[in-house]
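Model the full assembly from the supplied sequences, consistent with the hints where possible.
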Amino acid sequence: MKSEYKNRNTFTAIAVIVVAGVLLATDQIIKYFVLTKLKPTGTVTVIPGLLEFTYVENTGAAFGLFKNIRWLVVAVTVIAIVAIIVLLFRYRHHSFFSYAASALLISGGIGNLIDRMAYGFVVDFIHVLFFDYIFNFADCCITVGAVLFVIHVLFFTRSEENSKGKEES
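Position in the sequence shown (from 1) plus 13 gives the number in the working numbering.
If you are wondering where the hints come from, they were derived from the structure by calculation, not from laboratory data. This one's a predicted model, so the numbers in the text were calculated from it and none came from an experiment. Any given hint could turn out to be false.
[Claimed, not checked] Across the chosen pairs, the derived CB separations fall in these ranges: (1) 166 / 91: 37 to 47 Å; (2) 170 / 55: 38 to 48 Å; (3) 58 / 104: 42 to 52 Å; (4) 53 / 28: 33 to 43 Å; (5) 170 / 23: 16 to 26 Å; (6) 20 / 55: 24 to 34 Å.
[Said to hold, decoys possible] Here are the simulated lysine to any residue pairs, SDA-like style, with alpha carbons at most 25 Å apart: (7) 50 / 134; (8) 52 / 39; (9) 52 / 73.
The beta-carbon is built from N, C-alpha and C at its ideal position, and this holds for glycine as well.
Right under this line is the structure:
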């Protein structure tokens, strides 16, 4: 029984990594077009008064924090990605939310890590006009992944603690 669960968990973890790879490829393809097409233009209005694509080189982390401390951001990102991958294979109480969060956090983290290593900055371009900050697809993956992780922790880890208590009784 445990062997069957372990095989299923390993297969699912590998599937999550494949999904993360697809999301990472999507991020990098989008950024390629941003660098080759949007950078020379600067800004393109997509939906007037709501959405623009504006080329920005972000040397910091989220919301421009930690500007010019690239190696700290790189180190934290690498540690986080390694921890997520290890937990992806070792954690026994996954839900859809934890698997989806893992794929999104891995892809977003690696996507921005590639930018930092290749260019010394992160390529940002999405500007929702009622929001002061400009972000990218990888940032969207990280944000949605973080929300899904919180949902998993709030709604699924408590039920697993309750079931552990019942099993021990």
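Hints versus structure:
1. Here the CB-CB span from residue 166 to residue 91 is close to 23 Å, at odds with the stated 37 to 47 Å.
2. Take residue 170 and residue 55: their Cβ atoms lie about 46 Å apart, and the range 38 to 48 Å holds.
3. At roughly 44 Å, the beta carbons of residue 58 and residue 104 sit within the given window of 42 to 52 Å.
4. In this structure, residue 53 and residue 28 meet the distance hint of 33 to 43 Å, their C-beta atoms being roughly 39 Å apart.
5. Checked against the given bound of 16 to 26 Å, the beta carbons of residue 170 and residue 23, roughly 21 Å apart, stay inside it.
6. Taking the beta carbon of each, residue 20 and residue 55 are about 52 Å apart, not inside 24 to 34 Å as hinted.
7. Under the criterion of a C-alpha separation no larger than 25 Å, the hint pairing residue 50 with residue 134 is consistent with the structure, at around 18 Å.
8. For the given pair, residue 52 sits about 18 Å from residue 39 by alpha-carbon distance, which is consistent with the 25 Å threshold.
9. Among the hinted pairs, residue 52 with residue 73 is consistent with the structure: their alpha-carbon atoms are about 19 Å apart, no more than 25 Å.
Of the hints listed earlier, those the structure fails to meet are numbers 1, 6, in rising order.
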